[in-house]
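Undergrad: Chain by chain, the residues:
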Amino acid sequence: MSSATVEAPPKAQAHAPNGDELESAGRGGWFVRITIVLIVILWTIPTLGVLITSFRPEDAVNASGWWTVFAHPFRATEWTIENYRIALDQGGFGNAFLNSLAVTIPSTVIPITIAAFAAYAFSWMEFRGRYVLFVIVVGLLVVPLQMALIPILRLYTQGATLFGREIFPDLSLQGTFLGIWLAHAGFGLPLAVYLLRNYIGSLPSSIIESARMDGADHFTIFWRLVVPLSVPAIAAFTIFQFLWVWNDLLVAYVFLGGAGQNRVLTVALRELVGSRGENWHLLTSAAFISMALPLVVFFALQKYFVRGLTAGAVKG
Amino acid sequence: MSVTSEPASAPGLTGAPPSRRFTGVLVLLLRVLVAVAVPVATFSLLWWTFEFLRDENANRFIVVGVAIVVGVGGVFALYWGMNRAVDLFPARVRESVRPYVFVGPCLVILAVYLVYPVINTLLISFKDANSQTFVGLDNFKFVFTDSDMLRAIRNTAGWIILVPLAAVSIGLIYATLADRLRRGEGVAKSLIFLPLAISFAGASITWQLIYSYRPQGFGSNIGLLNGIMIGLGQEPVKWLELQPWNNLFLMVIMVWMQTGFAMVVLSAAIKAIPDEIIEAARIDGASEFQVFRRIMVPSILPTIVVVTTYMVINALKVFDIVFVQPASAETNGTVVVAERMIRWFFQLNHNGRAAAIAVVLFAAVIPVMVWNIRRFREEEAIR
Chain A
1 MSSATVEAPP KAQAHAPNGD ELESAGRGGW FVRITIVLIV ILWTIPTLGV
51 LITSFRPEDA VNASGWWTVF AHPFRATEWT IENYRIALDQ GGFGNAFLNS
101 LAVTIPSTVI PITIAAFAAY AFSWMEFRGR YVLFVIVVGL LVVPLQMALI
151 PILRLYTQGA TLFGREIFPD LSLQGTFLGI WLAHAGFGLP LAVYLLRNYI
201 GSLPSSIIES ARMDGADHFT IFWRLVVPLS VPAIAAFTIF QFLWVWNDLL
251 VAYVFLGGAG QNRVLTVALR ELVGSRGENW HLLTSAAFIS MALPLVVFFA
301 LQKYFVRGLT AGAVKG
Chain B
1 MSVTSEPASA PGLTGAPPSR RFTGVLVLLL RVLVAVAVPV ATFSLLWWTF
51 EFLRDENANR FIVVGVAIVV GVGGVFALYW GMNRAVDLFP ARVRESVRPY
101 VFVGPCLVIL AVYLVYPVIN TLLISFKDAN SQTFVGLDNF KFVFTDSDML
151 RAIRNTAGWI ILVPLAAVSI GLIYATLADR LRRGEGVAKS LIFLPLAISF
201 AGASITWQLI YSYRPQGFGS NIGLLNGIMI GLGQEPVKWL ELQPWNNLFL
251 MVIMVWMQTG FAMVVLSAAI KAIPDEIIEA ARIDGASEFQ VFRRIMVPSI
301 LPTIVVVTTY MVINALKVFD IVFVQPASAE TNGTVVVAER MIRWFFQLNH
351 NGRAAAIAVV LFAAVIPVMV WNIRRFREEE AIR
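If you read the protein sequences in the order shown, they are chains A and B. Residues 1 to 316 in our numbering are what the first sequence spells out, letter by letter. Residues 1 to 383 in our numbering are what the second sequence spells out, letter by letter.
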């Protein structure tokens with residue numbers, strides 16, 4: 001990725017707990033620590049506010065700011081889990097949560113699989129137009145999502161005709177899971193191919209060559225060798241795509257609609273803001289329900305995240 | 001690795017001249033066939049599942065279960081099947097067809113979901129509200145004359161300058177400082193990264209608890225900022241209606257969400273700078289600030305540029321933060337380009353204008369795209 005970091009030595013050397021490390025850690029001392037604590041506090045306050053509000057009873061939420069709980073944090077009347085119960089039952093957030101799962105998991109796995117195969121072909125197979133096709137894929141990285149929505153929506157509701165002939169049938173995909181899976185797959189592919197090709201292309205060619213010498217075909221090399229070696233990059237993109245699909249409002253709003261059986265969490269959340277804009281106790285618990293899973297996924301996979309994203313930057 | 005196109009190793013192309021042309025056509029046909037077959041098969045399988053999903057609307061757990069199984073297993077199984085099928089081809093064409101099993105599906109999906117829309121949107125942008133008749137450049141005239149649109153363009157310009165600037169600078173400073181922590185670096189970084197896991201819709205609720213305003217006499221203020229104002233003996237302020245500063249307050253939300261991303265990527269780049277260089281500078285008597293400015297920043301400049309570009313594109317596409325605000329974006333003057341597009345398409349029902357706005361957005365991204373491709377070329381050259 002960056003030419004300046006190509007010759008970077010392995011990280012282990014820089015991070016061994018030697019005297020050097022301790023010395024540089026001491027540098028700046030208090031200034032460093034105070035600045036960091038300050039930024040951390042600033043960055044955490046909004047989330048903390050939501051967390052606290054979501055556990056306060058309605059009356060208390062409306063009567064005083066959330067920060068006032070710090071005055072008497074152990075008073076039992078200050079806390080409740082009722083909000084979560086109401087949001088899950090009445091707000092339809094339980095259903096929306098399941099819908100979000102049904103949308104997000106295939107919308108993450110499908111593009112990754114397709115992109116991994118394509119990235120392997122772009123890196124290690126030879127065919128006509130390889131370079132041009134890859135450049136086109138990277139170019140599509142910057143097509144604004146908004147631009148694709150209108151034509152896709154028409155494709156879903158009317159099909160497509162060219163010179164009076166139907167070239168794409170009307171499948172009434174509007175409002176269905178399948179429609180949104182494929183849409184997310186399409187929108188996620190350029191970034192996925194780009195990231196994975198960066199990583200897969202930088203694997204040592206000696207490994208691939210020797211596997212070929214041993215008579216392995218492309219599919220075996222891909223599945224047995226390249227995929228296991230690319231776990232960091234795949235995990236990085238998994239987090240990326242998962243967070244993006246889970247948190248997406250626009251695509252879900254357009255393709256699944258604002259109401260009905262199939263609406264997802266973000267859409268439900270937006271409806272709640274519209275209809276119950278002042279019910280902070282419900283809004284905050286709903287918001288936290290929608291944050292819960294991404295936080296779990298993020299913390300579970302975060303060590304891969306940095307490694308995978310920056311893999312192209314420090315080519316080995 | 002070389003970037004030469006047609007492989008000399010393809011056995012199918014070394015035959016005798018008469019059969020060569022025939023084989024060439026055959027190979028081409030097979031390539032197209034194979035490239036289309038995987039998506040079609042995938043689609044059929046998913047379609048079947050989807051019919052099932054429609055029937056079983058009642059039990060959500062089954063629906064979700066099936067969705068996961070099909071998503072995880074189905075696509076891979078199809079590639080495996082196609083690869084088997086290619087093995088049945090005559091040996092001479094096999095290896096020149098196989099790459100298209102691997103890339104074909106990707107290309108077909110991209111063609112349907114990104115290339116086709118770009119062309120289609122271009123066409124619609126020259127038509128009227130219902131895409132019936134051509135209206136020439138009327139929609140574009142609207143984009144550059146309508147007062148809300150002009151304001152949206154100005155605001156978006158603000159977003160794409162200020163948000164990346166703030167997010168990257170804070171991320172850079174934080175990454176540099178966190179690198180020197182003796183312990184707790186992981187925790188410190190995770191806390192900054194955390195907002196990235198929150199949706200824009202969730203984030204705007206989160207920030208309502210900061211910006212919320214209630215007039216005097218309508219209950220106490222539950223927004224933190226107004227809590228502080230009252231604590232200081234001031235009148236509460238309607239932060240989100242305070243033009244033009246309300247734009248800035250909304251940008252803060254995006255900075256809050258994106259700084260973590262910049263920080264994580266920049267931090268990895270900083271760690272890759274060889275220690276000897278930094279130590280040498282220190283021994284030569286450079287101050288910490290000089291080390292930062294003269295050594296660190298230039299070393300990671302390529303990464304800074306990449307992160308900044310990513311942020312610019314994100315800021316250009318911003319829509320959710322403005323869209324989910326309870327108050328109207330028009331009256332508050334917080335309109336942005338992408339939000340205008342959604343509004344014109346879904347609420348004001350004018351396809352032509354919405355498409356024209358999308359085309360303008362795309363045009364704004366073209367320079368970034370050109371630069372991106374050029375960078376890839378350079379990369380390929382040093383590979």
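It should be emphasised that the hints constitute simulated quantities derived from the structure, not laboratory data. Careful, some of the hints might be misleading.
Claimed, not checked - Listed next, the in silico SDA-like pairs over lysine to any residue satisfying Cα-Cα at most 20 Å (straight line):
#	chain 1	residue 1	chain 2	residue 2
1	B	K271	B	L348
2	B	K271	B	I173
3	B	K238	B	Y213
4	B	K127	A	L153
5	B	K271	A	V32
6	B	K238	A	L153
7	B	K127	A	R154
8	B	K238	A	V32
9	B	K141	B	R154
10	B	K271	B	S169
11	B	K271	A	P232
12	B	K127	B	L348
13	B	K271	A	R33
14	B	K127	B	A111
15	B	K238	A	N62
16	B	K127	B	R151
17	B	K127	B	V108
18	B	K238	A	P232
Unchecked claim - Every beta carbon over 12 Å from chain A, so not counted as near; a handful from chain B, in silico:
#	residue
19	L33
20	P90
21	R92
22	D128
23	T133
24	L137
25	M149
26	I153
27	A157
28	I173
29	A178
30	R182
31	S212
32	K238
To be verified - In silico negatives: residues of chain A with every beta carbon more than 12 Å from chain B:
#	residue
33	I86
34	A102
35	R128
All C-beta atoms in this analysis are idealised placements derived from N, C-alpha and C, irrespective of residue type, glycine included.
Undergrad: Against this structure, judge whether each hint is valid.
TA: Here is how each hint holds up against the structure:
1. B:K271 to B:L348: violated (51 Å)
2. B:K271 to B:I173: holds (14 Å)
3. B:K238 to B:Y213: holds (6 Å)
4. B:K127 to A:L153: Status holds; Cα separation ~17 Å.
5. B:K271 to A:V32: Holds, because 17 Å separates the two Cα atoms, which is no more than 20 Å.
6. B:K238 to A:L153: violated (38 Å)
7. B:K127 to A:R154: Holds, at about 15 Å.
8. B:K238 to A:V32: violated (35 Å)
9. B:K141 to B:R154: holds (16 Å)
10. B:K271 to B:S169: holds (17 Å)
11. B:K271 to A:P232: holds (18 Å)
12. B:K127 to B:L348: Judged against 20 Å, a Cα distance of about 16 Å means the pair holds.
13. B:K271 to A:R33: holds (19 Å)
14. B:K127 to B:A111: violated (23 Å)
15. B:K238 to A:N62: With Cα atoms ~18 Å apart, K238 (chain B) and N62 (chain A) stay inside 20 Å; holds.
16. B:K127 to B:R151: Between K127 (chain B) and R151 (chain B) the Cα gap is close to 24 Å, so the pair fails against 20 Å, i.e. violated.
17. B:K127 to B:V108: Between K127 (chain B) and V108 (chain B) the Cα gap is close to 28 Å, so the pair fails against 20 Å, i.e. violated.
18. B:K238 to A:P232: violated (46 Å)
19. L33: L33 (chain B) clear of chain A: closest Cβ-Cβ about 15 Å, beyond 12 Å.
20. P90: Correct as stated: the minimum Cβ-Cβ distance to chain A is 16 Å, above 12 Å.
21. R92: Since the minimum Cβ distance to chain A is about 15 Å, R92 (chain B) lies beyond 12 Å and the statement holds.
22. D128: The assertion about D128 (chain B) holds, with a minimum of 14 Å to chain A.
23. T133: At about 17 Å from chain A, T133 (chain B) clears the 12 Å cut-off, so the statement holds.
24. L137: holds (18 Å)
25. M149: Non-interface label stands for M149 (chain B): nearest chain A Cβ at 15 Å, farther than 12 Å.
26. I153: Holds: least Cβ distance 15 Å, greater than 12 Å.
27. A157: holds (16 Å)
28. I173: Violated: least Cβ distance 8 Å, not greater than 12 Å.
29. A178: violated (6 Å)
30. R182: violated (4 Å)
31. S212: violated (8 Å)
32. K238: Fine: 15 Å to the nearest Cβ keeps K238 (chain B) off the interface.
33. I86: holds (16 Å)
34. A102: violated (4 Å)
35. R128: Given that some Cβ of chain B is not farther than 12 Å from that of R128 (chain A), nearest at about 5 Å, it is violated.
The structure does not agree with the numbered hints 1, 6, 8, 14, 16, 17, 18, 28, 29, 30, 31, 34, 35 stated previously, though it agrees with the rest.
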